[in-house]
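Chains A and B, in that order, give the protein sequences. Following this note's numbering, the numbering of the first sequence begins with 1 at its first residue and continues without gaps. Following this note's numbering, the numbering of the second sequence begins with 1 at its first residue and continues without gaps.
Don't read these hints as lab results, they were simulated from the structure. Check before you lean on any hint, since a few could be wrong.
Rough simulated footprint, nothing fancy, chain A against chain B, three-plus residues with beta-carbon under 8 Å [unchecked claim]:
hint, stretch
1, 112 to 123
2, 129 to 142
3, 152 to 160
Source: prediction; values computed, not measured. Here a beta-carbon is modelled for each residue, glycine too, at the ideal position from N, C-alpha and C.
There are 2 protein chains.
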Amino acid sequence: MSDTMSIDVANIARFSDGGSSKPQIQHRLDMCRAWGIPQESKVLEIGCGQGDCTLVIAYVVGDEGHVTAIDPAPLDYGAPMTLGEAQARLKESPIGGRMSFHESNLEGFLASSASEALYDYAVFVHSIWYLPSEGVLQKMLAALRGRTKHLLIAEYSLDIRGDTAALPHMLAAISQAEFNSRDAAIDQSDNIQSIMSPQTITQLASQASWELQKEEIVESPEGLEDGRWEVSRVLSKKYRDRLGSSGDSQRQGFSNSLIFAVEESMRALGPSPVPRTLPTWIGSWI
Amino acid sequence: MSDTMSIDVANIARFSDGGSSKPQIQHRLDMCRAWGIPQESKVLEIGCGQGDCTLVIAYVVGDEGHVTAIDPAPLDYGAPMTLGEAQARLKESPIGGRMSFHESNLEGFLASSASEALYDYAVFVHSIWYLPSEGVLQKMLAALRGRTKHLLIAEYSLDIRGDTAALPHMLAAISQAEFNSRDAAIDQSDNIQSIMSPQTITQLASQASWELQKEEIVESPEGLEDGRWEVSRVLSKKYRDRLGSSGDSQRQGFSNSLIFAVEESMRALGPSPVPRTLPTWIGSWI
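Excised from the complex, chain A in its bound form (with noise of 0.2 Å):
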């Protein structure tokens, strides 16, 4: 990490008042610049959640820049602070000006007024996996066609790259895609909706007609918390509660085992095991 980007983090995690971490912030940021988003850009950023992408987005595109961030969540979804909240608080900051925010799914939002003709960057940050499956970002894909010059994708993939460190995310991700693979169970407490590995992605990418300009992988900054959280999820009391509700036996005894190889996965990693944060692939498409 340079110190200009030390910089650069410390001073967005001051405008983010305590709403995301360090670790997020660098992610967020390595990203970007990965990317090259430069000053100056109209983005358009999809399933924006709290904000904490939309915050570094707004860094990154100076005073001169802009960034609408949508999330179809109503306002009052999410704990301890509510995503109203942290959208509201995010506007308060010196760099607030640079945001907006809209609670739309993206059909709804391209076909209003508040949406610009054409955006330089439409961005996913960690939001496909939330989808429910592959033919909703088949349909996402092929609307933002003629609406955004660049397309911009950023997603966890199921590689932990020979770090046994990232496998109990790995195996909590692939347990909570496969509870809500049963068409019966969807659970939109749960973030992982979808595993949709890169490989699917760039086909349906390639399906609306979006050409690959470039890929690589980001790996997690030391303390990126999220797998630690998805794997704290699948490894609660009232996770299992809900598989043991399911009728079909079969299937209650395959995620199950999905549980137990997430625990001893955990266990493998010594006597107080901090699972790391799987690496982010990250593509760019026009």
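Dock chain B against the given chain A, drawing on the hints supplied.
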């Protein structure tokens, strides 16, 4: 590996006449030694397949012992050698008299006149994951109560124990079990129907009043091919084509991501990846 054990492996390999590789024999001998199956034992082996383990048990129990090996699969199942051919060849070996083979499921066999009233040991060696569900195993464990003094179970565990070379095998097992956890999709040509964990097996045994005496992990000897076979199956065109013929796109997406994860875990092992076979968990009950 001690010299004595090397001599044993060489002896058994000669009896096997090329039917089993030395690592396969070594692995099965390691388990019989860990369980401490003594000479003169009367053993019932459940799910013997081509008889790889039957031969090793026959060697271990000596001239005064006997192994009765059952499998419900038709005798013409298997390639390049069928079950019937493989079993017939073992019967012709110098210790063939210590083995008998029956094409039968457990409940049917125990009710038949071919069964002893009481065995010293009933063993499941890598046959649990061939069972379609926990319910099936539960019934078998209950049926064995009062018909054997000891229960012995050996099965892979979804635990790579820090060795990323075993990750492709683990993910290939998860992929196959995922496919076969779908109600309508049971395909008996797959080896892996379920991936019951040591936890689950122990719980089912306890429900059938079996008391756990000892459990331990046995590492796979170098060269044990099972992991490589399961990975090859998942990465074959035939396997992927079968997924493509399933109607449910959400589950298809999930399955594809698991195949991707197997591919990446192989790529992470370098240019000529040799996946390692998972460690085996073994338990004994009275």
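Legend entry - Violated hints, by number in ascending order, as checked against the structure: 1
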